[in-house]
Every structure is written in structure tokens, then in C-alpha cells.
Amino acid sequence: MNRTAHLLRQGWASGGLALMASLRSVQEMLGTVAFVAAFCVGLSFMRGRAVEGTSVDAATAALPGVLGLSVVFTGVVATAMVLATEREDGTLLRAKALPDGITVYLIGKIVYAAALVLTTVALLVLPGLFLFDGLAAGLARGWPLLLGVLLLGMVATIPFGAVLGSLFNNPRLVNAVGAVPIFALTGISGIFFPITALPEWLQWIAQAFPVYWVGLGLRSAVLPDSMLSAEIGESWRHLETMGALGAWAVLGLALAPWLLRRTARRVSGANVEEARQKAMQRV
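Under UniProt numbering, the residue at position 90 of the sequence shown is numbered 90, and the numbers go up by one with no gaps.
Honestly, the hints are just simulated from the structure, not real lab data. Backbone N, C-alpha and C define an ideal beta-carbon position, used for all residues, glycine too. Please note that a few of the clues may not be correct.
[Claimed, not checked] Just the calculated beta-carbon pair ranges, DEER-fashion: (1) Ala176 - Glu234: 33 to 41 Å; (2) Leu98 - Ala140: 28 to 36 Å; (3) Leu202 - Leu147: 28 to 36 Å; (4) Val26 - Leu202: 39 to 47 Å; (5) Met20 - Ala176: 25 to 33 Å; (6) Asp89 - Ser226: 16 to 24 Å; (7) Gly16 - Leu126: 18 to 26 Å; (8) Asp100 - Leu30: 31 to 39 Å; (9) Ser235 - Leu202: 15 to 23 Å; (10) Leu126 - Leu30: 39 to 47 Å; (11) Trp258 - Pro181: 44 to 52 Å.
Please model the complete structure; the sequences and the hints are all you need to start from.
Listed below in C-alpha cells is the structure:
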């Protein structure tokens, strides 16, 4: 077996173990269900109202934004919090001690987060097929594109979650400080409203990051062409979407392992024990 296939298999196994642990955690499952339920209830209040100037149901038009938020939150913020936690509890230190452990660790995080996102998407989309007008028709046409954008979006965002997590040695700081620029970027990226409503200089900033392209790709997979009037250039820009997400994925996969190795070199058994003692004092 060649080295790449071996690393992929090990990373897949690592991600599978993390997923099984998550499925056994009542707290994590309740959090996922609460997230899905909250957005389903919110979208249900938008049913029956068309987007101005179109016949598209407002709930259907808003659903890609919810899916995009799930990708961004899981890929960047949740990954950063997990990394900060696992640096504190010694998981990253153990990964550093294994041959190619950091690479396997990163692949495992991608597998784990992708599984969570796909599960969340399924929980949102399945009831939406029956509740939101036009969603079934859109997915019948665009489900391959939807799946492709979700997977490529995860690969493009998770490495940057690892980068963000490497900057903090405390998961509470990730949530309190590190998440702020991510949510600010999400706010200007057209996830929940047309980016064309923003000043042109903000549109250029948004297009420099993967969040905008994830949202655009998801909208193109679900929504009809009658919604193109709200998009830049009145085009779904499929080639640009795949190119931008692909470029971010390559950049992230090149940068994240180097940063993780650099972070792991600063972790020692003494650091882990000190963090454990502090955690016990907080409890």
C-alpha cells in the first residue's frame, strides 16, 4: 500500500472514531438537534411568502444560507475549538509522537466534520422537502452540485479552523475572540442576504474568502435562475466557485499541517498537566 493511501485510511479511521464518540455524547447530539430544530422552526415562519419579484418561496431561498452557516461553523469555529481542547488535553501531543500523526490527525478532522455537516444537512433538507415549496424540484436538479460544494467547502474551511485553533491555547478564547472575525466575514458574504446590497469594496473583500463561494455554490444548486438578479453579474459562476474553493482547499491543506506541527512542538507533557490542573480547579 502506498503512503498516501495509508494516510487516507488512517485518517478515515481516526475520523470514524471521533464520529462514534460524538454520536454517543448526549450533549453533542442535543446540540445538533437543537440547531436543526431552531432553524426549521424559523424557516417555517417564512413559508408561503415569495421573494420579491419572483415566485420562489422565501423559506426555500433562505435554506442555502442555513446550510452555508453549518459549513462555516463546523469547518472553522468548531474545528478550532476542538483543536484548542485537544492541545490542552494531550491529544495533539500524542498525535505528534506517531509517524505522520499530524497529517492523519488533520485528515481525521476533515472526515469527522464532513460527516457532521452532511448529517446536519440531511436533517434540514429532509423535512424541507415536504415543508418548503420548490425545494424538491431544485434538489432533483442540483443535488450533485450541492454535494460537491458541501464537500469542497469542508476541505476549504476545515484547515483554516485548524489554523485558527493553533493560535489559541484555550477553547474559551476561540469562542470568545477567534469566532468574531469569522462571524463578521460571514455577515458580509451574502449567506443570508444578497451581497449586491453591500458597497462594492465589501463585495471584493467577501469574494476573497471561501465563505462567499460556499454560499453562492449552495444557492446555485437549490434555487432557480429567477434568483440570479440578486447575484454579482447575474450569474452562478460555477467555474469560479469551484476554482476559488479548490484554491483555498489546496492552500489550507498545505498550510495547516505545517502550523499544526509547529503548534505541537510547543506542547509538552508539563503543559498538558498544567492545563489539566487548571481545568480541575475550574470544575
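Any of the earlier hints contradicted here, and which numbers?
Hints 2, 6, 10 and 11 are the ones this structure does not satisfy, whereas the remaining hints hold.
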